Structures are given as C-alpha cells and as structure tokens.
Amino acid sequence: SAVISQKPSRDICQRGTSLTIQCQVDSQVTMMFWYRQQPGQSLTLIATANQGSEATYESGFVIDKFPISRPNLTFSTLTVSNLSPEDSSIYLCSASTSSYNSPLHFGNGTRLTVT
Amino acid sequence: EDQVTQSPEALRLQEGESSSLNCSYTVSGLRGLFWYRQDPGKGPEFLFTLYSAGEEKEKERLKATLTKKESFLHITAPKPEDSATYLCAVQAGNFGNEKLTFGTGTRLTIIP
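Taken in order, these protein sequences are the chains called A and B.
Using my numbering, you'd call the opening residue of the first sequence number 1 and step up by one each time.
Using my numbering, you'd call the opening residue of the second sequence number 1 and step up by one each time.
Just chain B, same shape as in the assembly:
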C-alpha cells in the first residue's frame, strides 16, 4: 500500500526565515510526486509535479526536489502570504490509474 508521510505537522517561521518541508514516501512504481498548497476554506492548488530522482522545480520562493525516498519543499525568504497547508501526494502504478495518495500536510505559518 502506498504511504506518504509529511513532516513537520506544523511550522512557524519569521518572515524571511528559510526552511524546508519534508515528504517521505513508500510506493511501488512512482509515476509522479505532486505538491499542493491549500488555503483555509479552499481546495488544494497545484504547485509542482516531480517525476524522477534528481529533478527540481521552482516557483517564486518555492523549490521542490525529489530523491528515491523523499521530496523536499524549500521555502526561501518566505512572506506572510506563503502561510498555508502544503500537501504532498504520489501517483503510482500503471498508466490509467490516476488517483493520488496524499500525506496529512504541513501547516506553515509565516509571522510578519
């Protein structure tokens, strides 16, 4: 059974204080690892897809990296508007099986 574990559960940072969120996974046949951002009262918003170990993707202050066992979401010089819950999800198995298995998320708070 596919498993996704995110840490920490919650993280409070001062504005400008860089840090990383972790997503470790156990799957059979990883096809993609996805990062989402979720604001209160909203659905998850897609950020990145990573397909293979060594891949990196960036968007503004966020950079996602992938190894064979885990992914990191690096947040550089965060701003209060980066406060949200960040979700990691994996897609595995054969093409046609499009479902995602999610972790429980990291609730990030950026203090002005």
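Just chain A, with the same shape it has in the complex:
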C-alpha cells in the first residue's frame, strides 16, 4: 500500500494569511484527494487533485479558497487561503491506485489552528 507523507504536521497561522500543505506519495498513484476533518465531524472531501489539470471541487469548496496543484503522479499541494478561525481543522491527503475499488490510504494529516 502507498505510504503518504504530509507536511507540515501542524501549524498555527494568523488570520488573513495562507498555508500550503504538501503531500508526497512513495509510489505513483492515479487518484489523490484532499479531505477536511473538523472536530467531532466526519471527513469531508474538499477536492480531487487531477494530474496535469485543474482540481475537481466538491460542493461548498472553491478554487480561490483552496487552490490545489498536482504536478506529477506522486505529489500534490493544498493551499488554504485568506485564513479565518473557521478554517481551523485537520487536512488530510489521500491516494489510491487505479485498481477497481482499491482503498484510499491517508497521510497523518495537518492540524491547522488559525488565530
């Protein structure tokens, strides 16, 4: 199974600034996703990171707020822009191979606190 590394593991940011989270997979994967996990809530999909093209965003998430890059098959970044306290959450990168119904594997997440 793919090993997924995320950094930073945690950060405290000022309101109005931005944070870029990096996700590195140890093997080539077809699908990469970014999820948000707010305290006491389930994981919510932000977007699918598409290699070589614009990310596909879920309802309620927009590119201006959550720009995503995926320059190759093993790396992606998520930026959370114009931070507000409501953005305080855990952000998780996940990936899967192209095998039918292959499970998603997750990184350990980035815990973001906005002050």
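No lab work stands behind these hints: they were computed from the structure.
Since the model is a prediction, treat every value here as computed from it, not as a measurement.
Idealized CB from N, CA, C, for every residue including glycine.
Be a bit skeptical, because a hint or two may be false.
Unchecked claim - Below, simulated DSSO-like cross-link-like pairs (lysine-lysine); rule was C-alpha separation at most 27 Å, straight line:
1) B:Lys99 - B:Lys63
2) B:Lys42 - B:Lys59
3) B:Lys57 - B:Lys42
4) B:Lys42 - A:Lys7
5) B:Lys42 - B:Lys99
6) B:Lys79 - B:Lys63
7) A:Lys65 - B:Lys99
8) B:Lys68 - B:Lys99
9) B:Lys68 - B:Lys79
10) B:Lys57 - B:Lys79
11) B:Lys42 - A:Lys65
12) B:Lys99 - A:Lys7
Stated by the list, open to error - Here are some of the chain B residues that sit facing chain A, going by a computed Cβ distance under 8 Å:
13) Phe46
14) Thr49
15) Phe102
16) Gly105
With the hints as your guide, set chain B onto chain A.
This is chain B only, laid out in the frame that chain A set:
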C-alpha cells in the same frame, strides 16, 4: 445524496467484553464499504473493504459484515490497544468516481 450513519458515537468496554459497531448507509449503486481505524493524531488506517451483501472479512479480533442496508464491525475479546475511532465509508456510482463518503465514527475505549 449518499449518507452514512454510525452508532453508537462512543462505546466503552471492559477488556474482553465483545460488542459490535453499526454503520448504516443510503447510497445509489454501492461499489464498496470500507472500514478504517483512526488513532489520535493519525490519519485513518485501512482495515477492510466489503463489496456485496453477505460478505464477511476478519482481521485478528475484528470481523466486518455487510447487508444491503448496513455493516457491522464485531470486536471479539477486545484489548486496550483496540481503543480508537472506527470510521465507516462508502464508495458508490460509476467506476472512476473513487471518492469516499464517511460516517462520523465510533470512538471505542477498552478499559483494562
């Protein structure tokens, strides 16, 4: 819209006391139901995938089962190291749509 509901929200068991966690779902075209374990400060760790009603899978003290409406995660003679949040997720729709819809999880505590 796909929906996943897990119960109970939290469960405290004595070591060795067996129990079950429930995951009920409403989806159009279930392709797979996934169970994950999440420890504090970590990402979800994959446990099982179930594809069709009647299927069962086991791993150590855990057994997952699937019906057309719900899945159960049975925990037999649990140990303190089984304490974690257990997440259920569904994958539905056409091949190529790989995203998962998660439930809110069951926080399991095993008391020595």
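Going through the hints against the structure:
A threshold of 27 Å between alpha carbons decides the hint, and for Lys99 of chain B with Lys63 of chain B the separation of about 24 Å falls inside it, so the pair holds. The straight-line distance between the Cα atoms of Lys42 of chain B and Lys59 of chain B is roughly 20 Å, inside the 27 Å bound, and the hint therefore holds. With a C-alpha separation of about 24 Å, the suggested pairing of Lys57 of chain B with Lys42 of chain B holds against the 27 Å cut-off. Straight-line distance between C-alpha atoms of Lys42 of chain B and Lys7 of chain A comes to about 13 Å, which keeps the hinted pair within the 27 Å bound.
Between the alpha carbons of Lys42 of chain B and Lys99 of chain B the distance comes to roughly 20 Å, so the proposed pair stays at or under 27 Å and holds. In summary, the hint linking Lys79 of chain B to Lys63 of chain B is supported, as the alpha carbons are separated by about 15 Å, within the 27 Å threshold. Our distance criterion of 27 Å between C-alpha atoms is met by Lys65 of chain A and Lys99 of chain B, whose separation comes to about 21 Å. Taking the CA atoms of Lys68 of chain B and Lys99 of chain B, the gap is about 20 Å. The hint holds against a cut of 27 Å.
With a C-alpha separation of about 30 Å, the suggested pair Lys68 of chain B and Lys79 of chain B falls outside the 27 Å cut-off, and the hint is violated. For the proposed pair Lys57 of chain B and Lys79 of chain B, the alpha carbon gap of about 19 Å is at most 27 Å, so the pair holds. Pair hint Lys42 of chain B plus Lys65 of chain A holds up; C-alpha atoms about 25 Å apart against a cutoff of 27 Å. Between Lys99 of chain B and Lys7 of chain A the CA atoms are separated by roughly 22 Å; this keeps the pair inside 27 Å, and the hint holds.
Residue-level restraint check for Phe46 of chain B holds (minimum Cβ-Cβ distance to chain A is 5 Å; threshold 8 Å). Because the closest C-beta pair between Thr49 of chain B and chain A is about 6 Å apart, less than 8 Å, the hint holds. The beta carbon of Phe102 of chain B comes within 4 Å of a beta carbon in chain A, closer than 8 Å, and the hint placing it at the interface holds. Because the smallest distance between the Cβ of Gly105 of chain B and any Cβ of chain A comes to about 7 Å, under 8 Å, the interface hint for this residue holds.
In this structure, the one hint that does not hold is number 9.
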